[in-house]
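Asks: No gaps in the numbering here: position 280 of the sequence shown is 317 in the numbering used here, and each next residue is one more.
Everything labelled a hint here was simulated from the structure, so no lab data went into it.
From the three backbone atoms N, C-alpha and C, an ideal C-beta is built for every residue, glycine too.
Treat the hints with caution; some may be incorrect.
[Unchecked claim] Below, computed lysine-lysine pairings styled on BS3-like, alpha-carbon distance capped at 27 Å:
| id | residue 1 | residue 2 |
| --- | --- | --- |
| 1 | 385 | 362 |
| 2 | 436 | 307 |
| 3 | 276 | 86 |
| 4 | 395 | 383 |
| 5 | 322 | 307 |
| 6 | 436 | 385 |
| 7 | 383 | 362 |
| 8 | 276 | 141 |
| 9 | 322 | 362 |
| 10 | 141 | 67 |
| 11 | 395 | 385 |
| 12 | 436 | 383 |
| 13 | 171 | 67 |
| 14 | 276 | 307 |
[As the list claims (entries may be wrong)] Label pairs and their computed distance ranges (CB to CB):
| id | residue 1 | residue 2 | range |
| --- | --- | --- | --- |
| 15 | 401 | 56 | 56 to 64 Å |
| 16 | 148 | 429 | 13 to 21 Å |
| 17 | 348 | 401 | 40 to 48 Å |
| 18 | 442 | 357 | 40 to 48 Å |
| 19 | 160 | 288 | 47 to 55 Å |
| 20 | 231 | 436 | 36 to 44 Å |
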Amino acid sequence: MSETALIFVDVETTGTRATRDRITEIAALKVVNGELVDRWTSLIYPECKVPGQITQLTGISDDMLVDAPRFVHIAESFREWLGDGQLVAHNARFDYSFLRNEFKRAGQDYRASLICTLRLSRRIAPQERQHNLKALLNRYGITPTRHHRAEDDVDALWSLWQAWQVEHSDEAWQRLLGDERRHRTLPAHLDSAQLEGLPACPGVYLFYGHNRLPLYVGKSINLRSRVLGHFQRDHQDDKEMRLAQQVQHIEWEETAGDLGAQLREAQLVKTLMPIMNRQLRKQRKLTTWHWAEGADHPELLSGNALTQPLGGTLYGLFRNAREAKNALRAIAEEHQLCPRVLGLEKGKGRCFANQVGKCRGACNGQETIAAHTQRAQEALTQLQVNVWPWPGSIAIEEKSAGATASAWHVVRQWCYLGSATSFNNAQTLADTPASFDVDSYRILNRFLRYPEQHGLTVTPL
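With these hints in hand, go ahead and build the complete structure from the sequences.
Replies: Shown next, in the form of structure tokens:
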């Protein structure tokens, strides 16, 4: 009985985003029982312009593709030619992601098992630093006619495969292939041994690229499931594809539960500034509206006001003064409040909004200031910021079903000061200096609104 065909494949594309960029060239070799039995090669019209830098790299220009078939026109015959063959490619998930997306556009759900020769090379020669195709071909004395052309690269890949088979016994070769198949969903540059101890418990994880460049920080109540999940969706998500292409090292920290994981994630993102955490990594200087007791209008303050024991009420957290004023102005218009009394415009007497029927007249005595103040504060309730309800620092005890131990998270004036493994150690963190962080505030506000529902115990320090 013949073994499943191996399909050596290489694609050239208009870019690196499998969901949006397109294939410009395909070359594939069909190998059965160690013998090359067929090949498929074709330029593909990508239905878009080829970027200049891609033409410079591959030599494939728009003029060369004018008469080439669209993928949809060759999809059915190519799918039949592929059969149930196992795909072999260098950095296989890249080529596979592009093929899956092209077939999807053609109305077909193409799936295949993979062998990645980049990952296989790392197993064969872990002492070597370079595992790109050009470096491997140089190492084995294989000279392709052209680099970055699909047919030449796939022929070179087949020659490399044969060279590997010569230098390994059949038993050793099959063992290498077996290991590769077991870890076929993992990124090519990631050592599978790093994931062996990944626990199914709450925590944070850190993805690093070349030279330990921080790529991404994430959190989950199940670290193992979440980390492995990143590598299941790379064919349909550009961000996941970039992560899979670049990640070379993974670290993780276990936490006592979801609260600890979220707080630690926000803290690590601000510290490490990973390139793919664009939202959380922003150090935002916020503003807020403070309505002091007895005042007839709010005052704009820095977001650091949340860490101060102010009287009165705080409304909203805004990125800048302009955003804060626009929000207050919108509420004023909706509730016919006076922009002049609120301090949004200068002047005396009747405001313009009153003249056009959009202010009830607090500016000229038609409405009392007291009535206007009450209406304004009621309208602003939707933006009210929770004032810190404790006299000082607190320790939040957390332990989830999946965690191995409890933790005490220490917080003061909505600022996360750190976590400890015992209450006594938590007390030593009570006076730790900290600055206000809006992400930590929002996390804490959610959990502390109903702490018992999250299995948390709050103790003042």
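Asks: Does each hint hold? Answer for all of them.
Replies: Hints versus structure:
1. Taking the CA atoms of residue 385 and residue 362, the gap is near 20 Å; set against the 27 Å cutoff, the hint holds.
2. Between residue 436 and residue 307, the direct Cα distance comes to roughly 25 Å. Compliance with the 27 Å bound is thereby established for this hinted pair.
3. Only pairs whose Cα atoms come within 27 Å are accepted, and residue 276 paired with residue 86 is accepted, the gap being roughly 23 Å.
4. Using a Cα cut-off of 27 Å, the hinted pair residue 395 and residue 383 holds, with the two alpha carbons roughly 17 Å apart.
5. The hinted pair formed by residue 322 and residue 307 meets the criterion: a straight-line CA distance of about 13 Å does not exceed 27 Å.
6. Annotation: proposed proximity of residue 436 to residue 385 is violated, straight-line Cα distance about 59 Å (limit 27 Å).
7. Distance restraint check for residue 383 and residue 362: the Cα-Cα separation of roughly 14 Å lies within the 27 Å cut-off, and the hinted pair is therefore satisfied.
8. In summary, the hint linking residue 276 to residue 141 is supported, as the alpha carbons are separated by about 19 Å, within the 27 Å threshold.
9. With a C-alpha separation of about 16 Å, the suggested pair residue 322 and residue 362 falls inside the 27 Å cut-off, and the hint holds.
10. Straight-line distance between C-alpha atoms of residue 141 and residue 67 comes to about 23 Å, which keeps the hinted pair within the 27 Å bound.
11. Of the supplied pair hints, the one linking residue 395 and residue 385 holds, its CA atoms being roughly 17 Å apart against a limit of 27 Å.
12. With a C-alpha separation of about 54 Å, the suggested pairing of residue 436 with residue 383 is violated against the 27 Å cut-off.
13. Of the pairs offered as hints, the one joining residue 171 and residue 67 holds, with about 22 Å between alpha carbons and a cut-off of 27 Å not exceeded.
14. The hinted pair formed by residue 276 and residue 307 meets the criterion: a straight-line CA distance of about 20 Å does not exceed 27 Å.
15. Evaluation of the 56 to 64 Å hint for residue 401 and residue 56 yields a pass: the beta carbon distance comes to about 59 Å.
16. Between residue 148 and residue 429 the C-beta distance comes to about 58 Å, which lies outside the given range of 13 to 21 Å.
17. A C-beta distance of roughly 30 Å is found between residue 348 and residue 401, which places it outside the suggested range of 40 to 48 Å.
18. The supplied range of 40 to 48 Å is met by residue 442 and residue 357, whose beta-carbon atoms lie about 42 Å from each other.
19. In this structure, residue 160 and residue 288 break the distance hint of 47 to 55 Å, their C-beta atoms being roughly 22 Å apart.
20. A beta carbon spacing of about 27 Å between residue 231 and residue 436 contradicts the range 36 to 44 Å that was offered as a hint.
Hints 6, 12, 16, 17, 19 and 20 from the list above are not met by this structure, while the remaining hints are.
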